[in-house]
Amino acid sequence: MSLKAVHLIFVTLLAALSFGCAAWAFQAGSGWWGATAIAAGMLVIAYGIYFLRKLRKISYL
Amino acid sequence: MEIPYTVQNRPDTGIYNAKVGIWLFLASEVMLFGGLFSAYILLRVGAAPGEWPHGWLNVTLGTINTILLALSAITTLLAWAACKVREFGKFKFFHACTIVLALTFLGIKSYEYRDKFMHYEVQLQPSAKNRAAGEFADGHLVAKSGDFDLAKKTGFIKLHGHIVKDRKELMDLRSPEAQAAQHEELTIAAADIKKMENYAPRHNTFTAIYFTLTGLHALHILGGTLVIFYLWGPGSRMWKTDPERFTNRVEVSGLFWHFVDLVWIFLFPVLYLT
Chain A
1 MSLKAVHLIF
11 VTLLAALSFG
21 CAAWAFQAGS
31 GWWGATAIAA
41 GMLVIAYGIY
51 FLRKLRKISY
61 L
Chain B
1 MEIPYTVQNR
11 PDTGIYNAKV
21 GIWLFLASEV
31 MLFGGLFSAY
41 ILLRVGAAPG
51 EWPHGWLNVT
61 LGTINTILLA
71 LSAITTLLAW
81 AACKVREFGK
91 FKFFHACTIV
101 LALTFLGIKS
111 YEYRDKFMHY
121 EVQLQPSAKN
131 RAAGEFADGH
141 LVAKSGDFDL
151 AKKTGFIKLH
161 GHIVKDRKEL
171 MDLRSPEAQA
181 AQHEELTIAA
191 ADIKKMENYA
201 PRHNTFTAIY
211 FTLTGLHALH
221 ILGGTLVIFY
231 LWGPGSRMWK
241 TDPERFTNRV
251 EVSGLFWHFV
261 DLVWIFLFPV
271 LYLT
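Here the protein sequences come in this chain order: A and B. Residue 19 in this note's numbering is what sits at position 19 of the first sequence, and the numbering runs on without skipping anything. Residue 119 in this note's numbering is what sits at position 119 of the second sequence, and the numbering runs on without skipping anything.
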């Protein structure tokens, strides 16, 4: 498995963490932090798509 | 003598040797951290009701450190991608960014550790002035008199904190009572102190597992930073003689770095948010 594949796993987990943090913040009553965490999660997903396009020619192995 | 399969893939494994090596090493690392995470879960579910701390760690600092590590994973990938397209200048830049981000992470972690070592829980003597029996003072050490000696009962300390009637009130710092507590400067004579202990690893089970997990993780960050610094500095001479092998070295260091970042992705919610 190449660095590209591991990075993809990392980005996926980072997005999951961001949305998890958003849920935690909303539960704790902090709407501002929750909204920021959702925005961060969206940003991570957008980055993931960008990185996949950028490294299209590099193998996953 | 030439070392085989540093660049070409082995026919039997399908990858070059260094990558096989790092994956075997990472498998052992998964077992190490997996064991510690299991220990955390068992300690936590085994804790008596109300005895597991909540809100003891600074979520803002933890979030900043998470962002720093996420950015460092990106710069590591970009450094490797720069090597792939033969742009050595970009590689140097991105790896320098990784080193700066890693050192900032370690700086923040050191600050958090210092904060814990300066934080004291003081059990007061039942005879202490204006104090009910069994009260606790909790806060950060501001000053200590020159003649302070707990055994001889001389001198005094100054804490920035508050007094609680029951130690259990210190367990959940997210509770409305804890949030509403007024912190002030407290002067406590040594004669009024029954027991005094900072929030070091020996303080309780939570601080023990917190320091073990984050300390081991910080050591991995330090080790990874040293390797990345070597590849950025003296090790980068290989670029002139064998760029493909050098690119593979960068990838291997990047795989280790991503593993360390993935460990943090689990550590952060488990320790800071629960």
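Be aware that one or more of the hints could be misleading.
[What the hints assert, rightly or not] Below, a sample of chain B positions facing chain A; criterion: calculated Cβ distance under 7 angstroms:
1. ALA73
2. LEU77
3. TRP80
4. ALA82
5. GLU169
6. LEU173
7. GLY254
8. HIS258
9. ILE265
10. LEU273
No lab work stands behind these hints: they were computed from the structure. Note that CB positions come from ideal geometry on N, CA and C, so glycine has one too.
Hints, verified against the model:
| no. | hint | verdict |
| --- | --- | --- |
| 1 | ALA73 | 6 angstroms, holds |
| 2 | LEU77 | 5 angstroms, holds |
| 3 | TRP80 | 5 angstroms, holds |
| 4 | ALA82 | 12 angstroms, violated |
| 5 | GLU169 | 19 angstroms, violated |
| 6 | LEU173 | 13 angstroms, violated |
| 7 | GLY254 | 5 angstroms, holds |
| 8 | HIS258 | 5 angstroms, holds |
| 9 | ILE265 | 5 angstroms, holds |
| 10 | LEU273 | 5 angstroms, holds |
Checked against the numbered hints given earlier, this structure breaks hints 4, 5, 6; the rest are met.
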